[in-house]
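All chains should be modelled from the sequences, with the hints used to inform the complete structure.
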Amino acid sequence: MTRFVFASFLLATTMLTLVVSGAQTGLIANVVGTVGTVVTNTLNATSTLVETVANLPYDSHRIIIVMDKDTKPVLDAVASTNTAIWTEAERIQNIQNIVDALKLHAQQCQGPVTDLLQSAGIQYTSNWITNTIVAVDCSVGLIEQILALVSVKKIVYDTIITLEPPEPTADSTSNTVTAGWGATKIKATNVWATSNTGQGVVVGTIDTGVRGTHETLASNWIGPYGWYDPAQKTATPYDPNGHGTHTVATIVGGKGVGIAPGAKWMTCKACENSCYMSYLTACGQFMLCPTDTNGNNCNAAKAPHIVSNSWGAGQGMTYYQSILDAWYAARIFPVFSAGNSGANGCSSVVTPGDSAKVLATHWVHSAVLVLPSMDLSSPTSLRLE
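All residue numbers for the sequence shown refer to our numbering, where the first residue is 2 and numbers rise by one.
One thing to keep in mind: the hints can contain errors.
As the list claims (entries may be wrong) - In silico BS3-like cross-links for lysine-lysine, where the CA-CA straight-line distance does not exceed 30 angstroms: (1) LYS73 <-> LYS154; (2) LYS154 <-> LYS358; (3) LYS188 <-> LYS70; (4) LYS104 <-> LYS154; (5) LYS104 <-> LYS186; (6) LYS155 <-> LYS70; (7) LYS104 <-> LYS234; (8) LYS256 <-> LYS70; (9) LYS234 <-> LYS155; (10) LYS104 <-> LYS70; (11) LYS358 <-> LYS73; (12) LYS358 <-> LYS104; (13) LYS188 <-> LYS104; (14) LYS358 <-> LYS155; (15) LYS73 <-> LYS186; (16) LYS358 <-> LYS186; (17) LYS73 <-> LYS104.
To be verified - Here are the simulated distance ranges between beta carbons: (18) SER140 <-> ILE86: 47 to 55 angstroms; (19) GLY122 <-> THR84: 43 to 51 angstroms; (20) GLN119 <-> ALA357: 37 to 45 angstroms.
Derived by calculation from the structure, the hints in this document are not laboratory data.
Glycine included, C-beta positions come from ideal geometry on N, C-alpha and C.
Right under this line is the structure:
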């Protein structure tokens with residue numbers, strides 16, 4: 002058995018805390034709100050059968066069916082509470098136990114709903130990590146039937162986290178492979194001097210994809226089980242937006258670009274110009290138990306050690322809490338953007354970055370280590386200020 006490389010984990014965590022947020026400025030929605038029910042215009046003029054999440058936009062053709070029994074008790078019952086440093090084999094076994102229990106839980110809860118959907122010829126996807134079901138183009142009558150089931154808690158439209166467009170920058174004319182200003186600023190170069198560049202750590206990201214052929218990233222992609230595109234099921238990593246490539250390169254890119262070039266990367270594509278909650282959920286599940294590119298044959302041994310997320314919207318919301326709970330139980334370290342609203346004062350960190358179960362980060366500038374205008378405050382016990 003190989004010992005979990007804890008020093009490398011700390012290096013990657015430091016890198017994510019202080020640098021990757023510099024790439025996060027393009028993927029934060031400027032929305033604050035609470036969960037509520039609104040009148041929809043897709044069912045009928047007065048229907049409140051389907052909920053939305055605050056004033057976040059949504060896809061009226063796709064619903065998320067939330068089962069009555071949540072996953073937290075399952076995680077509490079099965080996840081290891083051992084506080085010692087684990088071997089990699091012990092980590093994988095804990096993840097496998099969690100995955101098996103969540104799959105069984107979903108199977109036991111979702112049968113009546115999936116029977117109705119199959120009978121109606123509806124396309125659907127079951128998510129065992131959240132005990133939810135995503136369904137497309139359901140009629141009012143079918144929705145009424147689903148809500149009448151005692152096993153169903155509620156139905157929510159597929160939430161959309163709208164993204165600010167990335168800002169283009171000029172191409173570098175330098176051919177240097179020395180450390181960039183970010184690595185120097187946070188003193189990652191001091192860690193490199195100890196021959197620690199993140200070896201043994203796998204970092205996952207949920208973003209717009211990654212251009213896998215990029216010269217700074219091609220050599221340290223993990224390969225099989227390192228790419229999932231839940232919408233299109235594409236075979237190899239690609240990035241139609243550019244933001245995902247930027248964030249991953251900031252983390253693990255070679256040629257002086259990234260902070261932990263010795264680490265490996267994997268990614269799941271949940272976003273283009275917007276992120277759909279259904280795809281964010283599919284990607285959260287993929288990070289707990291990675292699959293092949295068709296979404297099959299999940300393998301707990303391929304789970305990353307860290308997951309970086311450069312997106313968020315709203316405050317005090319719980320739309321991603323079940324996934325955070327599962328990652329937390331699996332000891333997969335979640336990092337989220339704190340947002341871009343530090344100038345607005347206290348309590349400006351966006352969800353999921355405001356959860357106590359994540360490390361929230363914000364961007365830095367080459368001129369100063371921490372910008373006063375970006376000093377974000379949040380209830381999370383892991384906040385960075």
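Here is what the structure says about each hint:
{"no.": "1", "hint": "LYS73 <-> LYS154", "result": "15 angstroms, holds"}
{"no.": "2", "hint": "LYS154 <-> LYS358", "result": "24 angstroms, holds"}
{"no.": "3", "hint": "LYS188 <-> LYS70", "result": "46 angstroms, violated"}
{"no.": "4", "hint": "LYS104 <-> LYS154", "result": "19 angstroms, holds"}
{"no.": "5", "hint": "LYS104 <-> LYS186", "result": "44 angstroms, violated"}
{"no.": "6", "hint": "LYS155 <-> LYS70", "result": "11 angstroms, holds"}
{"no.": "7", "hint": "LYS104 <-> LYS234", "result": "22 angstroms, holds"}
{"no.": "8", "hint": "LYS256 <-> LYS70", "result": "48 angstroms, violated"}
{"no.": "9", "hint": "LYS234 <-> LYS155", "result": "29 angstroms, holds"}
{"no.": "10", "hint": "LYS104 <-> LYS70", "result": "13 angstroms, holds"}
{"no.": "11", "hint": "LYS358 <-> LYS73", "result": "14 angstroms, holds"}
{"no.": "12", "hint": "LYS358 <-> LYS104", "result": "23 angstroms, holds"}
{"no.": "13", "hint": "LYS188 <-> LYS104", "result": "43 angstroms, violated"}
{"no.": "14", "hint": "LYS358 <-> LYS155", "result": "25 angstroms, holds"}
{"no.": "15", "hint": "LYS73 <-> LYS186", "result": "40 angstroms, violated"}
{"no.": "16", "hint": "LYS358 <-> LYS186", "result": "27 angstroms, holds"}
{"no.": "17", "hint": "LYS73 <-> LYS104", "result": "13 angstroms, holds"}
{"no.": "18", "hint": "SER140 <-> ILE86: 47 to 55 angstroms", "result": "53 angstroms, holds"}
{"no.": "19", "hint": "GLY122 <-> THR84: 43 to 51 angstroms", "result": "50 angstroms, holds"}
{"no.": "20", "hint": "GLN119 <-> ALA357: 37 to 45 angstroms", "result": "39 angstroms, holds"}
The structure is inconsistent with the numbered hints 3, 5, 8, 13 and 15, although it conforms to all the rest.
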